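J.: In case you want the letters, here they are:
Protein chains: 2
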Amino acid sequence: MPTARTAASPPAFLGDLARSIDDRLAGFVSSRDLPGPLRRAVEHALLGGGKRLRPILTLLSAQAVGGSPARAEPAALAVELVHAFSLVHDDLPALDNDDLRRGRPTLHRAHGEAMAILTGDLMLGLAVEALVTDAPDDALAGRLVAELISGVNAMIVGQADDTLGVRAGGGSDAERLESIHRQKTGALIRAACRMGAIAGSGGTAQAALPAVTRYAEAVGLMFQIVDDLLDVEQTTEHLGKSAGKDADAGKLTYPVVHGVEASRDAVARLRAEALSACEALGPSAGRLAEVCEFLAVRTR
Amino acid sequence: MPTARTAASPPAFLGDLARSIDDRLAGFVSSRDLPGPLRRAVEHALLGGGKRLRPILTLLSAQAVGGSPARAEPAALAVELVHAFSLVHDDLPALDNDDLRRGRPTLHRAHGEAMAILTGDLMLGLAVEALVTDAPDDALAGRLVAELISGVNAMIVGQADDTLGVRAGGGSDAERLESIHRQKTGALIRAACRMGAIAGSGGTAQAALPAVTRYAEAVGLMFQIVDDLLDVEQTTEHLGKSAGKDADAGKLTYPVVHGVEASRDAVARLRAEALSACEALGPSAGRLAEVCEFLAVRTR
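Protein chains in written order, with this note's numbering: chain A, 621 to 920; chain B, 621 to 920.
Errors might be hidden in some of the hints.
Partial list, derived from the structure: chain B residues whose beta carbon lies under 8 angstroms from chain A [claimed, not checked]:
{"hint": "1", "residue": "L715"}
{"hint": "2", "residue": "I769"}
{"hint": "3", "residue": "L784"}
{"hint": "4", "residue": "V786"}
Since the hints were made in silico from the structure, they are not lab data.
Quantities reported herein were computed from a predicted structural model and do not represent experimental measurements.
The beta carbon of each residue, even a glycine, is placed where N, CA and C say it ideally should be.
Please put together the full structure from these sequences, using the hints given.
T.: Quick look at the structure:
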């Protein structure tokens, strides 16, 4: 008889999927013709752990629309490469100036700032390359690139808004915060899920895209609000990255703008929204629903 | 009766094409939904002059294969966005640390380092977006993205090799220099020409691609050797960027490795190689040939 898992322990399939994605990422990097130092920098940034949330959502979205997760693998690699690129550049001294990432030195601390800038650039390029290299179908590759790059560009705009306040003056703090969260974190999670549905189905799952998108938008915002709550509540040691830093830096976060209780309410509301999208997708979206439930209660 | 132009004056159509590309670039940027400060940073980096050599090669390659330059316009925008992205990141303090570009402050001097990093990232993303947004044909978009990104990734590897010596120890100085030049400058010029041929013909000019590629590889290397020669021979005021800097920094350049005379001989040999590719393409490649002849004798 299966035992009920506790609220905060991840479903076992998450670890299996993450390890499988780790292997594929390592295989992809070693298949590229890169000079040794650049390869080692990419590996430092890409293969140093991480939850692999985005590529897992890609694979599970393929499954949710009745498609093949295997066909969504290039899209899964692409989205994690983009995520890794964004962390490397966001950590740079001129931006967040972070020394610690996933419990290890950030790339610029380990390999120098010039290498970190170029390695970030290269990982963005490799992400696009993952979608088009040996693509069995140029048209599908073109569609996937369009999804990915729309997420990438929104993410960069969100980061610029968050770090530099480029939209400062437009709208209330609450509006600006929601815009930053939807762009900086949400847009890439949206692309991850939509690419999974499109690639996994070979482009035929058009009818399921609105529900997948609804799931992705709810989970993406929920994920970031939980992140904001963890930044307030957890220690650096537990998170493996600098905690309390956002609040210290006077950055807009959900708990700062709305308070902790209202932030928890928002998490509950977005969780329900994502689960309702999973119901619309049917039993094949069971794992997407499990991921959502775990992300709502995660502690790191 | 038309007067013969002097060796170093550019053919008139170059200026016309550059102005037309300036207009298209400005239109593309203003059509994107960007916060004001980020838009102004992109405009500073992208619209501050420049020869527009790469997009001109894209349009003329479309013409050379009997295709339509108008259909190659998105590819032309994409290649110039990539070029602008690469200049912004290469100029950063951690890399070449340049204050001056096209006679104006570099982006990080004018808008700060964080903005320069993010704006560079965004221009790379916008380059890919230019190829896929409103593409009339997903399959063609997929092929063009593959060409572009192969050029982008080689360019980044070349820059890492040039700045950080990531391949140091492998091969003679002459081999390493040729590898850097082919990657750092050559790969994007190759992509510019190949994208023009593919996009302009709607993907049907397959038979002409080898000659276009041969032209692009010869002109790309020739362009960089001429650049190295100008860095030795010209003043900062004339070039609009810091001159003598490469030699001062002990960087590998053609004149340093091979001497000035041998560098001039290489220019003559590559010019002949590119012109022979134009002959193979026929009269439609007349302007490509004129550009090659001008690039061989340019003084800035």
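J.: Indicate, hint by hint, whether the structure satisfies it.
T.: Against the structure, the hints:
1. L715: Since chain A brings a Cβ to about 5 angstroms from B/L715, closer than 8 angstroms, the hint holds.
2. I769: Check passed: Cβ of B/I769 comes within 5 angstroms of chain A, closer than 8 angstroms.
3. L784: 6 angstroms, holds
4. V786: 4 angstroms, holds
The structure meets every hint from the earlier list without exception.
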